[in-house]
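Participant: Sequence:
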Amino acid sequence: MTNRERFIRTLKCEKIGGQVPTFELVFFLTMEAFGRVHMSQRAFWQWDQMSRTEQTLHIRDIADLYIQIARRYGHSAIFVDAFGGNLPAFQRLLEEIRTQSGDEYFLLAHGDPTWAIPDGDHMTEFSVKMFEAPEELNDESQRRLDQALETAYQLNRAGHLLDGFGLCSDYCFNVNPFFPDDLFGTLIAPYLKAVLDGYREMGYYSIKHTDGNIMPILKEIADCGPDAIHSLDPQGGVSLPEARKIVGEDICLIGNVNCALLQTGSDEECDADVLRALREGMAAGRGYIFSTSNCAYTGLPLARYERMIELWRQYGNYDTYHTLTTSG
Numbered sequence: 214m215t216n217r218e219r220f221i222r223t224l225k226c227e228k229i230g231g232q233v234p235t236f237e238l239v240f241f242l243t244m245e246a247f248g249r250v251h252m253s254q255r256a257f258w259q260w261d262q263m264s265r266t267e268q269t270l271h272i273r274d275i276a277d278l279y280i281q282i283a284r285r286y287g288h289s290a291i292f293v294d295a296f297g298g299n300l301p302a303f304q305r306l307l308e309e310i311r312t313q314s315g316d317e318y319f320l321l322a323h324g325d326p327t328w329a330i331p332d333g334d335h336m337t338e339f340s341v342k343m344f345e346a347p348e349e350l351n352d353e354s355q356r357r358l359d360q361a362l363e364t365a366y367q368l369n370r371a372g373h374l375l376d377g378f379g380l381c382s383d384y385c386f387n388v389n390p391f392f393p394d395d396l397f398g399t400l401i402a403p404y405l406k407a408v409l410d411g412y413r414e415m416g417y418y419s420i421k422h423t424d425g426n427i428m429p430i431l432k433e434i435a436d437c438g439p440d441a442i443h444s445l446d447p448q449g450g451v452s453l454p455e456a457r458k459i460v461g462e463d464i465c466l467i468g469n470v471n472c473a474l475l476q477t478g479s480d481e482e483c484d485a486d487v488l489r490a491l492r493e494g495m496a497a498g499r500g501y502i503f504s505t506s507n508c509a510y511t512g513l514p515l516a517r518y519e520r521m522i523e524l525w526r527q528y529g530n531y532d533t534y535h536t537l538t539t540s541g
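Here this note's numbering = 1-based position in the sequence shown + 213.
Some hints here could point you the wrong way.
Computed cross-link-like contacts, DSSO-like style, restricted to lysine-lysine with a CA-CA straight-line distance of at most 27 Å [said to hold, decoys possible]:
1) Lys458 x Lys432
2) Lys432 x Lys228
3) Lys432 x Lys406
4) Lys225 x Lys342
5) Lys458 x Lys228
6) Lys458 x Lys225
7) Lys406 x Lys458
I should point out that these hints are in silico values taken from the structure, not numbers from a laboratory.
All chains should be built: construct the whole structure from the sequences, respecting the hints.
Facilitator: Right, dumping it as structure tokens:
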């Protein structure tokens with residue numbers, strides 16, 4: 214099987230045998246790992262002034278870097294996050310990744326129209342509006358939903374470029390969700406379900422991401438029907454076995470390696486946590502994708518990430534799961 218095929222079968226919670234898939238939502242450590250500037254740090258404000266040749270060279274370079282990350286670290290999927298709302302440039306990038314790698318990797322992109330925790334400058338205003346004018350938020354949610362589905366439709370018309378979407382609106386702090394249960398049910402859930410249904414009708418897969426303590430709303434998220442839930446944040450008290458009990462056997466779980474330990478813990482603590490995540494995630498024999506509980510973010514020691522991948526290569530195999538369960 215290709216990496217893409219293994220990823221899709223895992224999203225469908227089918228048994229695959231062999232190596233459990235892995236990927237990262239974002240790998241920011243490109244300068245240290247490859248000596249190359251990350252895509253998000255490149256300025257494209259002169260894009261429309263570039264010649265077609267210069268644009269093509271930029272696109273080829275970005276596509277190559279995405280592929281090099283996936284190859285070095287064994288990722289089965291590539292989260293393509295470049296060019297923002299420039300849909301023609303984004304389509305060209307997807308085409309270039311496919312040209313360079315064929316169907317080897319599962320490609321996904323941003324696609325979440327639902328509200329996230331507002332930043333500090335807007336939190337008070339948003340909080341007041343949640344209680345006093347929720348209809349205004351829902352009107353905007355509908356506009357955002359329509360736009361997300363239209364973008365997905367346009368990409369679908371362009372051919373087999375994208376496999377799915379990552380829905381990256383964060384709903385939770387480490388202690389509790391930002392949205393109270395009743396407001397989550399009226400402000401978030403209907404639009405989350407609608408976009409997931411719409412993507413599925415077009416043949417896309419969907420991965421719902423949110424950090425923090427999602428346990429109070431995990432059942433509501435699962436009921437909306439994502440193919441997978443990421444990042445199962447242990448810093449927010451999220452347990453893989455408990456999450457599996459709540460969501461059932463037919464939704465894929467992704468993540469749960471403690472990023473705080475990767476950054477500041479001892480080598481022994483990091484190794485133990487990586488092995489724990491693998492052991493708990495692979496226990497069902499299907500429906501788990503290995504990753505950090507956030508992403509490979511700026512400031513995370515590259516050596517720690519590479520040690521995590523080394524342990525995954527050694528122990529993240531369903532055919533030798535007994536070795537993992539007896540490794541301590």
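Participant: Each hint should be assessed against the structure and marked as holding or not.
Facilitator: Taking the hints in turn, this is what the structure says about them:
{"no.": "1", "hint": "Lys458 x Lys432", "verdict": "10 Å, holds"}
{"no.": "2", "hint": "Lys432 x Lys228", "verdict": "24 Å, holds"}
{"no.": "3", "hint": "Lys432 x Lys406", "verdict": "13 Å, holds"}
{"no.": "4", "hint": "Lys225 x Lys342", "verdict": "38 Å, violated"}
{"no.": "5", "hint": "Lys458 x Lys228", "verdict": "18 Å, holds"}
{"no.": "6", "hint": "Lys458 x Lys225", "verdict": "17 Å, holds"}
{"no.": "7", "hint": "Lys406 x Lys458", "verdict": "21 Å, holds"}
Hint violations for this structure: number 4 only, all remaining hints satisfied.
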